[in-house]
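Protein chains in written order, with our numbering: chain A, 6 to 315; chain B, 186 to 509; chain C, 611 to 1117; chain D, 2 to 281.
Everything labelled a hint here was simulated from the structure, so no lab data went into it.
Treat the hints with caution; some may be incorrect.
[As the list claims (entries may be wrong)] DSS-like cross-link-like pairs, simulated, lysine-lysine; straight-line CA separation at most 25 Å:
#1 C/Lys736 <-> A/Lys88
#2 B/Lys308 <-> B/Lys296
#3 D/Lys168 <-> B/Lys269
[Claimed, not checked] Ranges between beta-carbon positions, derived for each pair:
#4 D/Pro34 <-> A/Gly93: 54 to 60 Å
#5 D/Phe274 <-> B/Gly338: 21 to 27 Å
#6 D/Ser36 <-> B/Arg331: 51 to 57 Å
Heads up, the beta-carbon is just placed ideally off N, CA and C, and yes, glycines get one too.
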Amino acid sequence: MFHYILKRLLQSLIVLLGVLVIVFFTLRLSGNPIDVLLPPGASEEMVEIYTEQLGLDKSLVAQFGIYLKNIFQGDFGTSYYYKEAVTGVIFERLPATIQLTLFSFLFTLIIGIPAGVYSALKSGKASDYIVRIFALIGQCMPVFWAGLLLIIVFAVQLNLFPTQGTGSFRHLVLPSITLGLYSAATTVRLLRSSMLEVLSKDYIQVATSKGLSKRKIVWKHAFKNAVTAILTVLGIQVAGLLAGSMIVETVFSWPGIGRLVVQSINNRDFAVVQAVVILIASIYVVINLLVDILYSIINPRVRLMKGSSK
Amino acid sequence: MTVHPILEVSDVKKYFVMKNGLKKDVIKAVDRISFSLEAGKTLGIVGESGSGKSTLGRAIVQLLHDIEGEVLLNGKSIIGLKRKELQKLREDIQVVFQDPYASLDPKQKIKKIIAEPLKIHKKPDREKSIHEIIELVGLPVEFLERYPHELSGGQRQRIGIARALALSPSLILFDEAVSALDVSVQAQIINLIKKLQNQLKLTYLFITHDLSVLRQVADEVIVIYRGKLVEKGKVEEIIDQPVHPYTKLLVSAIPEIGKPIVLDEAGEEEKVINQMFEEGEDGCPFYSRCEIRKSICLKKFPEISKLSETHDYYCHGISNKKEI
Amino acid sequence: MLKKFLIFAFVCMFLIGCSSNESDAEKTGSDEIESFTFALPIDTQAIEPFNGTSTTSATVIYQMFNALTRTSPEGEVQGDLAESFERIDELTWQFKLRENVAFHNGEEFNAETVKYSVERMLDTSKQFGLTSDYLFIDSVEIVDDYTVNIITKEPNNGTPLSLIYLSMVPKEYIEENGDEYFAENPIGTGPFKFQEYAKDAHVKYERYDDYFKGKVNIKELTFKPIPEESSRIAALESGEVDLITDVSINQLNRLEQAENLVVESFPTTRVSYIGFNMRKDSELIQNESFRKALNYAVNVDSIIENLLEGNGETIPAIFLSHFNGYNSGIEPYAYDVEKAKELLEESGYDGESLELAIAANTKQLPVVEAVADMIREIGVNVEVVQKENVLMREEVAAGTISDLYFFNIGGAYNSSELMSRIGFGSVQRYSTFFNSEMDELRVAANSEMDEEKSEQLWQDYQNNIYDIAPAIFLYQEYASNVLSSAYTNYTPRGDELILLEDIEKNE
Amino acid sequence: MIRQIVKNKVALFSVLVLILVVLFAVFAEFIAPYSPEDQHIESKLLPPVWDENGNSSFILGSDELGRDVLSRIIHGSRVSLIVSLFGTLLALIIGTVIGAISGYYGGKVDAILMRLVDIVLAFPFILLAIFVIAITGPSVFNIIIVAGFATGVNLARVIRGEVLHVKENDFIEATHSIGANNFRIIVLHILPNIANVLIVIATLEMANLILLESALSFLGLGVPAEVPTWGKMLAEARTLIISNPWNAIFPGLAITITVLGINLFGDWLRDYFDPKYVEK
């Protein structure tokens, strides 16, 4: 296990380097920050001064070399736009995004698991159809549309929650629901189908016919399936983390990483975009590794190592 | 008149390297096995599941890579062939697999399955050959338009045999080809196999764990335990006068037809064996289960002992022939 | 059991939601406004005053700082920290400073402050965003404690006006704590003191009781960036914020009808036009008749009336009526399809397909689509393409932008600055129109000391621009802000800055 | 199969929705009352006909430029379908090629391909889309390429898993033993055996691509300005969601119903191909 993790971590470093190369070069192909930093009336002279000061006059490869060297010294660069260290800019936003992600995950669990189990138990009945239709709609709605509809209904009309911003627990509710809607819906569907599969297995039928408490059996299997479903959804959610938070944070004026990255791209704030991408990629890699390890613990048949025989 | 052997196998080895983190474990699936087989005869390869008999079969028919030793077919080496030569070789050696359910592509009609080898090797008159072949294995022509899942197990295995026959090979490997079938069906297929051998002058390698099947089909037998050849002889010699303690064990279990023999009480004994392998010592793998083991058995695998012209065994425990 | 759990889960979600429902703090005291929240369309770029290049950043910064001059809501230049100013020779402007003004930490404002502030701005190594706007300044001379001379490199009529964005910063405080510390803990002379800045979340200020113009009504001022317009409106409607800006015209009718809201729609310095890329090697675009044909083809009045619902003014030669040297004698190109077709015929247009570029995510997309539709009416093939903002600017700078491109630029404070911002001139980075005669005319107009002569030069300039037609002149944009009707005496400003000094509670 | 669909109400609903959308897309010119670009700025922002302020010539109302919302929705189905159909097709091609090679050959090839796939997956896709579309400009073609590529890489993993699974079957070895080369085995034996899974994945990806197009439109990176798409209509109407909610609701419904239809159809296909289901 230890060797496996070590190997995966080494591979992850290669993956991260690949990600870094892509983001570094595509960013620089996609435009120049000078046009954002200087007012429209700026003279060519000023443009030259800035280009030199930002080191943008060097060749791309040289710039990348410098950047890599600095990273190994723990320096992720300075934000052109905010004119302060990138790490500071990011860590200021990070708690908000983590908070939002955690709560949306919580929402996923609170809604997704009971609804999924319930739907499987009531399979074929009207209540099952209702849950499934809600789940499908949850998966089918564009995120920003869902967010705006929630704002109009729950914030403007019913005045139950604030429309935007951070501060109290109430602020978290609508954005968390919006962000978690897709994963909650996915959880319901995954859990329902895996529960149905288990429930149709012979031994369950036998067990129930022998008079064993169905509830006990259901809960036992529900738990195991739920954990598997959660892990799958966790993987999905991490993969879509940035895309989701970019939109949700914009709709709800949430001061997190998603909005930062949208702005930083618009401003060609190279260092910030690079650092955020590395951060997100690292989270992705680590969570996936954890998910794989957890999978193997829950379901020992899924072995981490595949032998090379036959 | 001495018949020239069609297949000569000498000192064949197939090792698997398992990477376990930084450590490497070597698994000797086939270890220094030699034998030869005359044309028109059947050689039975017998052993428990996991004994390496299937690996040996696959090593001989070149379905595995990186094989050490020598395999001669009609006097020509077939080890380490290039792609084109290997492709050519496939015409000469065919395989019938154990599971008639899994060995046929569920998405293809029988016609396509049988035609495929002809197509690959660009044989003319395919339509005609297909008809001939399906009749040869005793199935009506209408079956050509069916899918595998519409057939019974026995019928499917007939298709498997038909596919193997399509290219008129000189050697066919049967890998547990009847063990997945019901006893009555098993008999039919065995009869078919024997009939075809006579009719077409075929040479067979027949892998099985089932000695009653073995007695029906084989002329000669080799017994494999954990990758090592432990006893070799004519089928009567092996079944009626087994010498090696392992062979004896196999033979004594005959009544339980169809069931793999599970005598290995793993645990402690496994550990001893594994240790032995790890230390790179070349002892007798049967040591832990052997009733007549000696200390030398741990250190060195025994040399060949000859009981008769045709009957060989490998055991330290048997000091003279009289003891048998 | 399951059902119970489900119900429990739902109830929990709602209870959590409803429990901590904070009631809006009652605003106490007679004139005092305990707290006021202002929603911005984007976050401020900085609270370091020299980095505030966007209008939004300026709005945030200007609550905290003062400059030597300031414009009146109508755009007239006035003294702010300067009591008065005069031009003493071609290159020199003299400013008399206000006395008894102190920074929030008590540091005194005087001539030293001015010299320090200007020199700090001119230091290109510090990479301040606004520096390039002030490179026309040569030096600052201290005459006495409360008099300074600002000397420019070239004669510049607009000097006092251009100084409105040059905030006065505390010399001793910065020298003691460093630029970095100042950028995070700014101190100014303005009506509000800095409290806290959480990026993308809020900027918080508190009233500065010793403000030299007298303390203001608002005790606590919060800025909140809410980028999504519908969320911004929702926040205002639900009472979470008191003032929002940048509201679409389509929303105004509905918001005007709301009892608790006041809509303020007013002209700004922002001009919208569709530039011809005259740097492009295209005979058609170089052809004056063709450019005029398009100007005749576009019904600007209809756009203003139907799409903008009256929230716009025509700009016959792109100049704004309240800027110096405005030529009121020029009538906008009339909507005249016949004449347009005639001119098109003259230009020899042979059906080639043109591109009309607009930056992605621009609110004015419907306007541009309507313009494209009108141009198509006279038989010109035109296709609207959206381009990513930065890449669009790069293409304009490189002269490789589409044949036509929509631009919308604000922030100019006089005619000269407007020309430099929209890029009509050979030295401008974003220029697609090079004409050396026009350049000379502009320099002459900007440096002429005699006001009347200067006005005349500017009028000539506008006549030429009108004739050359390097753009389809669209309109002067209006800004729309919406304020909670609990407050009053809010003065909209043409420069789109929002100063909250005079806001009062509504009786 | 058709009989099975008719029997199952959900399947019937989903197929009808899809047929309707396809008809819209193919015959948009004939069905739509107006051209989607026709502007009538005097009658902009009308509510649908059943509203008291509605106008019978604009059944679902009009947008900011007085364009007919119904016509735009009908024409919008075209781009939505093209993007999702071709994007999925491209994704399947990319995913199948990478997944099949990686899963079939295993070893070093697999390791290298999967690390490359990891790089793409670890790279936030939405950023990739933003970069590429920013650089190359918004066009339906570019969106298809970007979306197809990213989805394809994602699929590669799933397909690799399926290939690994099919590869374990004896018939692959049997096919080897008769002398078939790898290419033949992959194309004629492995791919047909994962086709069921591919079809199901394809339907789900089609649904996702429609959502992706609308997300890109939200970020201002959708298709060119004058091409009507549901995603763009929805994104553009979002500022009107309070004052003129219909403008956002109709395209929103169009997306939701179509995606729902595709999803339901995909679900049904999965059940249909599942042998266990057939036995029941």
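Violated hints - listed by number, lowest first: none
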